[in-house]
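Protein chains: 4
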Amino acid sequence: METYRGRLKSGQLKLYALEQSLPPDEAVAVRRAFIEGETGASLATLGSYTIGIGQAVKKNCENMIGAVQVPVGVAGPLRVRGEYADGEWYIPLATTEGALVASVNRGCSAITRAGGAGVRILRDGMTRAPVFAARDVEHAKGIADWVDGHRDAIIAAAEATTSHGRLTDAVTIVTGTNVFVRLEFDTKDAMGMNMVTIASAKVADLIAEATGARLVALSGNMCTDKKPAAINLVRGRGRSVAAGVALSEALIHEVFKTDAATLAEVNMRKNLIGSARAGSLGFNAHAANIIAGIFIACGQDPAHVVEGSSAITTVDVTPGGVYVAVTLPSLPIGTVGGGTGLDTQRECLSLLGVAGGGTPPGSHARKFAEITGAAVLAGELSLLGALAAQHLARAHQALGRNK
Amino acid sequence: METYRGRLKSGQLKLYALEQSLPPDEAVAVRRAFIEGETGASLATLGSYTIGIGQAVKKNCENMIGAVQVPVGVAGPLRVRGEYADGEWYIPLATTEGALVASVNRGCSAITRAGGAGVRILRDGMTRAPVFAARDVEHAKGIADWVDGHRDAIIAAAEATTSHGRLTDAVTIVTGTNVFVRLEFDTKDAMGMNMVTIASAKVADLIAEATGARLVALSGNMCTDKKPAAINLVRGRGRSVAAGVALSEALIHEVFKTDAATLAEVNMRKNLIGSARAGSLGFNAHAANIIAGIFIACGQDPAHVVEGSSAITTVDVTPGGVYVAVTLPSLPIGTVGGGTGLDTQRECLSLLGVAGGGTPPGSHARKFAEITGAAVLAGELSLLGALAAQHLARAHQALGRNK
Amino acid sequence: METYRGRLKSGQLKLYALEQSLPPDEAVAVRRAFIEGETGASLATLGSYTIGIGQAVKKNCENMIGAVQVPVGVAGPLRVRGEYADGEWYIPLATTEGALVASVNRGCSAITRAGGAGVRILRDGMTRAPVFAARDVEHAKGIADWVDGHRDAIIAAAEATTSHGRLTDAVTIVTGTNVFVRLEFDTKDAMGMNMVTIASAKVADLIAEATGARLVALSGNMCTDKKPAAINLVRGRGRSVAAGVALSEALIHEVFKTDAATLAEVNMRKNLIGSARAGSLGFNAHAANIIAGIFIACGQDPAHVVEGSSAITTVDVTPGGVYVAVTLPSLPIGTVGGGTGLDTQRECLSLLGVAGGGTPPGSHARKFAEITGAAVLAGELSLLGALAAQHLARAHQALGRNK
Amino acid sequence: METYRGRLKSGQLKLYALEQSLPPDEAVAVRRAFIEGETGASLATLGSYTIGIGQAVKKNCENMIGAVQVPVGVAGPLRVRGEYADGEWYIPLATTEGALVASVNRGCSAITRAGGAGVRILRDGMTRAPVFAARDVEHAKGIADWVDGHRDAIIAAAEATTSHGRLTDAVTIVTGTNVFVRLEFDTKDAMGMNMVTIASAKVADLIAEATGARLVALSGNMCTDKKPAAINLVRGRGRSVAAGVALSEALIHEVFKTDAATLAEVNMRKNLIGSARAGSLGFNAHAANIIAGIFIACGQDPAHVVEGSSAITTVDVTPGGVYVAVTLPSLPIGTVGGGTGLDTQRECLSLLGVAGGGTPPGSHARKFAEITGAAVLAGELSLLGALAAQHLARAHQALGRNK
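Protein chains in written order, with the working numbering: chain X, 3 to 405; chain F, 3 to 405; chain A, 3 to 405; chain E, 3 to 405.
Bound-form chain X, shown alone (with noise of 0.2 angstroms):
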């Protein structure tokens, strides 16, 4: 090991190449204990993991030292009724947030003595948009007008990439001499960012030769990936979920200690009126607390906490008491690919019964999708309660860390 640490030192092997001479786990560990000899810092626990990393180190981290552990806790049971998840699950979500799983839970306790959430997938859809420079307005009408009449062969391009995906839709969108082409694809069981990415560049290889576009960049930012982007909200990205709940008088008494005018009133007063006149683009009290949760357990990647959380979450006064609703139109989302297939992620799916590959393709990602959207319904029912109940600071100090 000294003599790997001095040619790392010596700058004569260069820490990414450790693999190419060493067995996965003796290559990150030399690399972590370089990095302990020149930060002084002690990587015991980082290197102290338990999962297989042969393919890790491959295909998901680069320069791996190690693996950071985060606690996993379970909220449920959680009776879902969609149209792929139809049943009771237990939510796994990977979370330092005290508070956090103990009010999920209660979300679920009430969901599911309330018969169950009612959740559709509205839209799927994943997207990558290219952005080509024209010479003028007059040549981006020109290849706006060409993808639109000739969506064959974008397909066909698409569509030679990929064994799985299927090129749905191709939107263009003209700014000055910017044409965006939006290109959708339907990635079965794999979020699909991925794929999306190289059937794209096909699709704007063929693009650009057959109109002179040149392109600038394969993203334009027009996807929108990992930023938060209305777009996602007005035509929907990965998958688009709504997920609903009636909760009568009694259990909402019961359940959240208080009643079905108030949680109308603090959703429209904190999410719909304080939201708007702050500029938000997420109309929810805290989706991505739940999003975030679910998808470091089940190895999704996290920056789509971004777009995945950008939630509406709605509040409808009934008769006997509310129906509350999550719309989430933008969850990128999968069952294959990405962290999926590394050992306590794959748990974490199988406890979903979500591992892998579905029969019919696209079916396990779907039901993931209609679970989670269930799982941030009770996220939010129980946030909106405690708030209503006014509990939320007394919560923290019971629960808190940073006092």
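Check each hint, because a few of them may be wrong.
Since the list can't tell identical chains apart, any single copy or any two copies may satisfy a pair.
Cross-link-like lysine-lysine pairs, in silico, DSS-like; alpha carbons within 30 angstroms at most [unchecked claim]:
hint: 1; residue 1: 16; residue 2: 259
hint: 2; residue 1: 259; residue 2: 11
hint: 3; residue 1: 60; residue 2: 16
Simulated from the structure, these hints should not be mistaken for lab results.
Let chain X serve as the given structure and place chains F, A and E on it in line with the hints.
Only chains F, A and E this time, still in chain X's reference frame:
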């Protein structure tokens, strides 16, 4: 163990109550076994965590069943020239997205060779904004006036609840009968949401008593916490950080195989014009990737990736090359509290030399914020460079996952 | 007249009922006299209008007391190279803001000398989006599915109400129990909101009957009419227009006393980065000034300045100078209906050669849209040039008003 | 006249130079005749204006060829209970959109019968925000620090340019190398953009000299003027106004043929949820209609309809009915300067009792702002009521135009 499972099954014992009668590791094991029995899933690796969980089950995660392990890679060394961070660091990134660490690493290399990233903290203040209901707009105005006129009493109420935090601002925003009071605090080394929530509860009580305002929710979404919101761009939240670096044409060519004009064009057409037309609040390439990687590694709240990543990336063409900068108006970050005390997370903070509270208080969190800003700059640079060189798809094909 | 005033005073006669018993001009005179009596204000000039009001009191303005006179100046000639407008025009601008006409005039001069503005209409469709209440998310999905599956019936219902309009799209957006159906129409030469509203009422009835959806409002703000909204940027509304022009360094220097690089820098720092950080949906300098000036002169609905002006201005540095473009995604404009039939307004439309319906239908409105796009380009160019040359304040001092 | 036309035709004489050698009315007549000759359009009615234009050709409109006449109707009486406006008013609305005056009139009737609208001005400050370029982020921070530390010098520079305005705030926002300084002023009875621009130029020079910042544009779009922008919602701009009224069930039923719950539901589903999902910055039904009508009648800048109309409408269900409010965070409005001095416009201001400067200074503009807020409330109430009663389409059919 069987006894426990039977009592859990029958409902005699609540899942969350196990820690009351068992030591943490046993409680977690029993709970995991119960969940395995209920779902048929094997959760062995999830249970083979190696971190100490004595505090975790109390402060970080209820209903714990184990831990998910996320690979951590390092990018660097990264040279930073901030007011709190001046030196070189290896950046720990917890990720399952192939190519990310390699990409950030390339950016670090460019920055370090260019002499380092200049970084500045522009503002520093964590916020919570209760919403009150007024009787009418006259009353609403009266409440706002009272808040404006009683700053000392508000500070006293807030600071009675915390030995660390300092209330630095109280802004009122009236919308019809809704009065939002956005309280801002200096939270020193803590990210501070917890501290701020507790202090805000006290302030809210004071305002309600003095004015007859009815407290509707301790958070009125004008904070804005865990939702993308323009108010955070406009006023800042958490640490507002800017990082920048000047790159010569020669360095751009050598590291990124492109040139200054192309980098600038990609940034303009993608990050500025693309995001503008998409109705986005994020004018960057993939800040969320870096923020998520650092946040998960270092025990930050991953739901804060939402606002933490709302960055603006700018590229100025200069006589000899470019000056590239990222600005993060709203980075919630801390080195104490939350998940920062867990073994692996604390090691990642140690790697950056910022574990625990700093001297003087606040200096660790600010150093951490500066390093994070520089790391996001590295990530932006690298992706812009890759797009400029049209290498994105190729990189994904080589390192990707779900082909 | 005294009799009428007495009866108005006593409440026997309603102010709006005067036209039922008096010819238009007399009714207006009586009403004005009554208001003068009530308020003590002299409204003599308001009453000295010279337009015919026979139709106006029926179709344009209830409770009329006179007319306000807004000065109209001309800018031009402006050379336009569109698909509908190919030639040179003088642009009528109704305005009271000193320096505006002069500024647009300078922009026209630059464009015309450069050979004219290339203009293209990218999309064309006026929208109305009723909102329905569903029982739950399952029902909401069912309603959306019904709409997707019954396009022919929807078209038939819509087009039964109009001899001109054609329904071109019906997009459903579900949010909890809220189902928005965004109906898009080709409205030919009309701006079309009225036609579209009537047709949408019919479609809404059909959907309600077929699905059990409860119609809540004929406009659900997903249209989006007279509010700034990203959906209009993303999907377009009314006529979507782009106009651009290439300027040489010599011309920039001569007309604007600045250079290509400075123009580009002003646009990037102000229109792109400034608007981004401000959380704006308008990435331009002052498109609203030109839109308002043309709209008031030409009898358009001035409330449509809101979305009509949500322009994006782009400046590309080219080998010999710049290519400057404006894109107006959402320009509601027409040459028949609304205020287009009033004497002075029709004269302004005549000045542009677009009064009344075109042959074929739609060609006048599109020609008008192209000219308007080019005029906005002239305005943007001129203000960017003025800012670049730091002449803004000086121009205001010379031509301004409220010193 | 022929001589002039010949010289104009030949280019010897510039169109804008006519006023230098002719009295205003003659210059306008010659110019109009020339344009008629060039275009073949008859502009007789445009030329038959009856207002005095001696000042207009100097201060309001260059290249004048006549005036457009816009019908003015009145709605009212409207009872207002503000701090500046306490009484009843007839609201002048310049419009060509059938049904608008009638609709506002119905809203006025409801408000007045309910005892009047309570109105409050929440903030008051007109802004201009120059953008400077810094060398790097360290320099940018230095510039911001200088501004924060030299408030007195900035005030002195600003106020040297105006006898009326007072600089009340200077906020810095840094984005990479872009430093925006948002200067806020009390502009008394003026809308004030002109005053503020001139003062800002002086301040910009001071900052540039003292810090080495390079002034890029006197307006950096952080103002934000004539573009929809969240910063104006968050910080306010111009006069920030809220108006509200309590309506009983009986009154709702009588005037609007609907009930409290339905009004509240329409507002929630349309103005809150619809606008949220549309990515809108306007959470109202049609505030722009009323703002445009009043602005054109009263000589305000109609391009300011953009931000002036970014209202939030709220409906609270109360024990006996509803409390409806509108909040206009960003209403640019004045009673001196701009178009307020034109004959017909001044008469409309007189109708409201706010022509010219008030005593004390600012009181007229504030009174005008309060009345405008109440008028927008009337408009919102009426359209919400019409939608609630599903009367919208019918109203359009009866009063509409382009059937």
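Tested hints:
Proximity of residue 16 to residue 259 under the C-alpha cut-off of 30 angstroms is restricted to the inter-copy arrangement: shortest distance 20 angstroms between copies versus 60 angstroms within a copy. In this assembly of identical chains, residue 259 and residue 11 lie within 30 angstroms of each other by CA distance solely across copies; the values are 27 angstroms between and 62 angstroms within a copy. In this assembly of identical chains, the alpha carbons of residue 60 and residue 16 lie at most 30 angstroms apart only when taken from the same copy (16 angstroms versus 42 angstroms across copies).
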